[in-house]
Amino acid sequence: ETGVTQTPRHLVMGMTNKKSLKCEQHLGHNAMYWYKQSAKKPLELMFVYNFKEQTENNSVPSRFSPECPNSSHLFLHLHTLQPEDSALYLCASSQTTEREQFFGPGTRLTVL
Amino acid sequence: QQQVKQSPQSLIVQKGGIPIINCAYENTAFDYFPWYQQFPGKGPALLIAIRPDVSEKKEGRFTISFNKSAKQFSLHIMDSQPGDSATYFCAASRGAQKLVFGQGTRLTINP
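The listed protein sequences correspond, in order, to chains A and B.
Numbering-wise, the first sequence is residues 124 to 235 according to this note's numbering.
Numbering-wise, the second sequence is residues 1297 to 1407 according to this note's numbering.
Chain A on its own, in the form it takes in the complex:
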């Protein structure tokens, strides 16, 4: 395993629900990332955190709200999602933003 864990692994939610995805890294890294992986589309970078500070928001809709309480944990809070938001959400971490990224297994999200 890569040292990056994600929970839950699968999530089904309605459009009016509020849920959160959790990512934890056990590698002592300082940078963490959220990606979206949809069928037939490239992996899309959503957010970057470096030393708990958000350094990148790749024009992500406000219904996705990230939170990074410390360098080991990263959350993605979800509310009023759309069916087109159904995808695999991947978390990654790196020692610094200049070093290679290690990915977690992802959360498979289905929005009904």
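Bear in mind the hints are in silico, worked out from the structure with no lab data behind them.
There could be a bad hint or two in this list.
[As the list claims (entries may be wrong)] The calculated label-pair distances, taken between Cβ atoms and stated as ranges, are:
id, chain 1, residue 1, chain 2, residue 2, range
1, B, G1379, A, K145, 24 to 34 Å
2, B, A1345, A, N180, 41 to 51 Å
3, A, T219, B, E1322, 18 to 28 Å
Just so it is clear, CB atoms sit at the ideal spot from N, CA and C, and this is done for glycine as well.
Add chain B to chain A, keeping to what the hints say.
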């Protein structure tokens, strides 16, 4: 300019063959070119990466060839095995932070 174009979308090779996956980029500021391997139900795992100061890098059976003037790079897998069947992604970035990924290639190695 931020796109990385990857081809082919899918590839089937017999065991022992040499699959080749190609990527092209536009942004000349990119200076880091990794390849990731992803098995079903898993996240992408870094396979091999290259910087533009070299034209080739080998790690085991995996080789990256890099052509700076053509803005292209490719992955070669020597003596391919059924266990290499996976989806492969190329990526590019300036530094290693904002990776821009290709569309992915689903590789199948037949026994």
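Against the structure, the hints come out as follows:
Between B/G1379 and A/K145 the Cβ separation comes to about 31 Å, which falls inside the hinted range of 24 to 34 Å. Here the CB-CB span from B/A1345 to A/N180 is close to 26 Å, at odds with the stated 41 to 51 Å. The beta-carbon spacing between A/T219 and B/E1322, approximately 26 Å, falls within the hinted interval of 18 to 28 Å.
Checked against the numbered hints given earlier, the structure breaks only hint 2 and satisfies all the rest.
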